[in-house]
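Trainee: Just so you know, the sequences run in chain order A and B. Counting from 1, one number per residue, gives the positions in the first sequence under my numbering. Counting from 1, one number per residue, gives the positions in the second sequence under my numbering.
Treat the hints as calculated values from the structure; they're not laboratory data. It should be emphasised that the depicted structure is a prediction, and the values quoted were computed from it without experimental measurement. Mixed in with the good hints there might be a few duds.
Said to hold, decoys possible - From the structure, some residues in chain B lie toward chain A, with a derived Cβ separation under 7 Å:
1. G91
2. A301
3. R302
Yeah, the Cβ is synthetic: ideal placement off N, Cα and C, and Gly gets one too.
Number of protein chains: 2
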Amino acid sequence: MSIERVCVVGGGAIGSLYAAHLSRVADVWVLTRRPEHARALEEQGLEVSGRAEFTGRVHATDHASKLPEVDVAIVATKGTALDAAAGALAGHFPHAMVVTVQNGLGAEQIVRRHGDWPLVSGVTFMSGTRHDDTHIEYILDTETWLGPYGDTPYALVEEIADLIVASGLKARPFEDLRPAQWSKLIFNATVNAVAALTGLPHDRHFAEREHVGDLGHLVFDLVEEGKRVAEAAGVELHEDPWEMNVLATKRGSRHYPSMLEDVEAHRPTEIDQITGALVREAERLRVPVSLHAAMYRLVKAREASWASD
Amino acid sequence: MSIERVCVVGGGAIGSLYAAHLSRVADVWVLTRRPEHARALEEQGLEVSGRAEFTGRVHATDHASKLPEVDVAIVATKGTALDAAAGALAGHFPHAMVVTVQNGLGAEQIVRRHGDWPLVSGVTFMSGTRHDDTHIEYILDTETWLGPYGDTPYALVEEIADLIVASGLKARPFEDLRPAQWSKLIFNATVNAVAALTGLPHDRHFAEREHVGDLGHLVFDLVEEGKRVAEAAGVELHEDPWEMNVLATKRGSRHYPSMLEDVEAHRPTEIDQITGALVREAERLRVPVSLHAAMYRLVKAREASWASD
Numbered sequence: 001m002s003i004e005r006v007c008v009v010g011g012g013a014i015g016s017l018y019a020a021h022l023s024r025v026a027d028v029w030v031l032t033r034r035p036e037h038a039r040a041l042e043e044q045g046l047e048v049s050g051r052a053e054f055t056g057r058v059h060a061t062d063h064a065s066k067l068p069e070v071d072v073a074i075v076a077t078k079g080t081a082l083d084a085a086a087g088a089l090a091g092h093f094p095h096a097m098v099v100t101v102q103n104g105l106g107a108e109q110i111v112r113r114h115g116d117w118p119l120v121s122g123v124t125f126m127s128g129t130r131h132d133d134t135h136i137e138y139i140l141d142t143e144t145w146l147g148p149y150g151d152t153p154y155a156l157v158e159e160i161a162d163l164i165v166a167s168g169l170k171a172r173p174f175e176d177l178r179p180a181q182w183s184k185l186i187f188n189a190t191v192n193a194v195a196a197l198t199g200l201p202h203d204r205h206f207a208e209r210e211h212v213g214d215l216g217h218l219v220f221d222l223v224e225e226g227k228r229v230a231e232a233a234g235v236e237l238h239e240d241p242w243e244m245n246v247l248a249t250k251r252g253s254r255h256y257p258s259m260l261e262d263v264e265a266h267r268p269t270e271i272d273q274i275t276g277a278l279v280r281e282a283e284r285l286r287v288p289v290s291l292h293a294a295m296y297r298l299v300k301a302r303e304a305s306w307a308s309d
Numbered sequence: 001m002s003i004e005r006v007c008v009v010g011g012g013a014i015g016s017l018y019a020a021h022l023s024r025v026a027d028v029w030v031l032t033r034r035p036e037h038a039r040a041l042e043e044q045g046l047e048v049s050g051r052a053e054f055t056g057r058v059h060a061t062d063h064a065s066k067l068p069e070v071d072v073a074i075v076a077t078k079g080t081a082l083d084a085a086a087g088a089l090a091g092h093f094p095h096a097m098v099v100t101v102q103n104g105l106g107a108e109q110i111v112r113r114h115g116d117w118p119l120v121s122g123v124t125f126m127s128g129t130r131h132d133d134t135h136i137e138y139i140l141d142t143e144t145w146l147g148p149y150g151d152t153p154y155a156l157v158e159e160i161a162d163l164i165v166a167s168g169l170k171a172r173p174f175e176d177l178r179p180a181q182w183s184k185l186i187f188n189a190t191v192n193a194v195a196a197l198t199g200l201p202h203d204r205h206f207a208e209r210e211h212v213g214d215l216g217h218l219v220f221d222l223v224e225e226g227k228r229v230a231e232a233a234g235v236e237l238h239e240d241p242w243e244m245n246v247l248a249t250k251r252g253s254r255h256y257p258s259m260l261e262d263v264e265a266h267r268p269t270e271i272d273q274i275t276g277a278l279v280r281e282a283e284r285l286r287v288p289v290s291l292h293a294a295m296y297r298l299v300k301a302r303e304a305s306w307a308s309d
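Given the sequences, and given the hints that come with them, work out the whole structure.
Mentor: Written as structure tokens, this is what we have:
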């Protein structure tokens with residue numbers, strides 16, 4: 001098949017980066033939650049600054065019923081909004097491939113409940129800062145990793161990866177995505193929860209292990225717990241999450257993990273999709289994860305603290 | 001001996017409650033950090049509202065050299081300010097008994113470094129809200145527990161407890177304070193750190209253990225770790241910290257632990273004196289305390305997050 005039309009579901013930072021870039025090589029429709037967001041995209045296009053500078057022309061709507069047939073749908077909502085987004089797609093474009101790029105585990109199963117599209121699993125490391133509805137700053141130009149879910153032929157995964165690369169972003173197809181997915185799951189469960197609870201961006205404290213009170217000890221122990229779960233699940237990790245952590249803090253980017261942004265804005269976090277998913281897998285596999293369980297309970301309690309806002 | 005003159009070091013919530021009440025049965029001097037605080041106390045006295053309603057007349061100064069001889073000095077600063085406060089007392093009133101009421105462990109050793117006064121160990125459960133330099137609201141009218149430190153005769157402890165009771169506060173002497181001190185240490189290490197990290201006052205969430213994500217599981221596990229350290233230290237606890245927790249949350253007071261107030265005000269917390277003390281004892285006794293170590297590292301990292309304020 002050749003991919004001519006793509007739907008990007010969700011106009012957050014990640015969705016906007018895909019939509020703007022893909023608009024250079026395909027006809028792009030963005031499905032937004034808010035009608036005024038869709039209108040602004042239709043009228044003004046989507047401006048990219050930072051790592052790339054251009055304005056992409058896209059179509060947009062807040063009604064799935066107004067979407068044309070597409071070849072690929074990239075669902076780029078937060079994990080917390082995925083079920084509603086996939087529900088809105090039910091019955092639409094039966095011949096499209098659907099790509100999930102949510103953090104954590106379990107996004108594919110949630111989408112599957114709403115349709116039998118061929119599914120592609122994605123993990124993305126790129127990041128951006130959303131300045132407003134029609135302007136996204138491209139910050140980290142790192143890869144999106146893609147792999148087949150279930151029966152999806154690998155050739156389709158390669159085709160989507162090629163399209164993303166042609167659009168100016170970075171992507172890489174894997175025959176089995178689980179090693180990469182689990183590396184990022186452990187990294188995310190650790191770094192996001194620690195950042196959310198401490199208020200620290202992902203900075204040098206995450207790698208410090210000199211004194212007994214240093215944060216790096218906790219980060220290391222969380223990664224170790226996560227690795228024991230991956231091992232019990234039969235997954236050989238693509239990258240060591242502790243090394244990913246050390247490398248990222250050395251780069252000095254002081255990246256603000258999305259869970260820290262959520263906590264500061266008093267929004268629901270992805271803790272259930274990330275750390276919660278890891279804790280549930282650990283329970284199923286009977287691997288003790290007292291530290292991740294502690295982080296899970298602390299972040300959920302933090303959410304409860306603003307429930308009365 | 002008969003106690004006629006008392007010095008209260010520190011005019012925070014706890015120091016103000018002692019000073020105002022004791023002024024009804026003794027001559028009270030308050031040693032403050034700020035000169036304007038001392039002036040205000042000298043001029044306006046110390047107003048108590050809430051559980052009691054009166055204004056106590058006190059003397060006050062910000063210079064230890066201006067203090068007269070006293071029979072008892074109650075050091076009621078935060079643990080973080082204790083070393084400086086005890087240092088200011090060095091060489092003064094050699095015949096006085098010195099009472100410490102800081103949270104955590106180790107206050108007596110810090111004071112001992114600055115003089116050889118007979119020492120009395122204290123643990124206080126009362127609480128107040130400091131409205132301004134001369135007005136304290138008396139909130140929880142719970143006891144102060146006192147016990148001898150080192151060679152201090154128990155009779156002196158009883159005398160101080162009697163004086164505090166005569167002043168209208170609640171107090172109780174113990175021949176061995178360690179069982180009570182450790183009960184409060186474990187309670188404080190758990191409740192303060194959890195509150196500081198979650199933003200929750202001490203409310204019903206701390207006792208909930210229904211779902212896997214419920215906070216009460218973590219609180220329970222932290223208490224269990226603490227009890228194992230007490231046991232290794234040969235201390236039989238005076239009260240079960242888990243029951244103290246359940247009881248306090250049932251009272252529905254939604255008490256704001258001081259560490260949560262410190263975190264919200266971006267002040268240094270007592271984490272080193274409380275959880276840090278417990279972790280150090282555990283290390284010395286070779287008891288694993290991975291959860292308390294995690295809390296210790298998280299709160300210290302939280303402090304680091306506002307280091308650049």
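Trainee: It remains to establish, for every hint, whether it holds in the given structure.
Mentor: These are the hints, each one checked on the structure:
At its closest, the beta carbon of G91(B) sits 34 Å from a beta carbon of chain A; the interface hint therefore is violated under the 7 Å criterion. Given hint, A301(B) at the interface with chain A, holds; its Cβ is 4 Å from that chain's nearest Cβ, closer than 7 Å. For R302(B), the interface hint holds, since its Cβ comes within 7 Å of a Cβ in chain A; the closest pair sits about 5 Å apart.
Figure legend: structure checked against the earlier numbered hints; the only hint not met is number 1.
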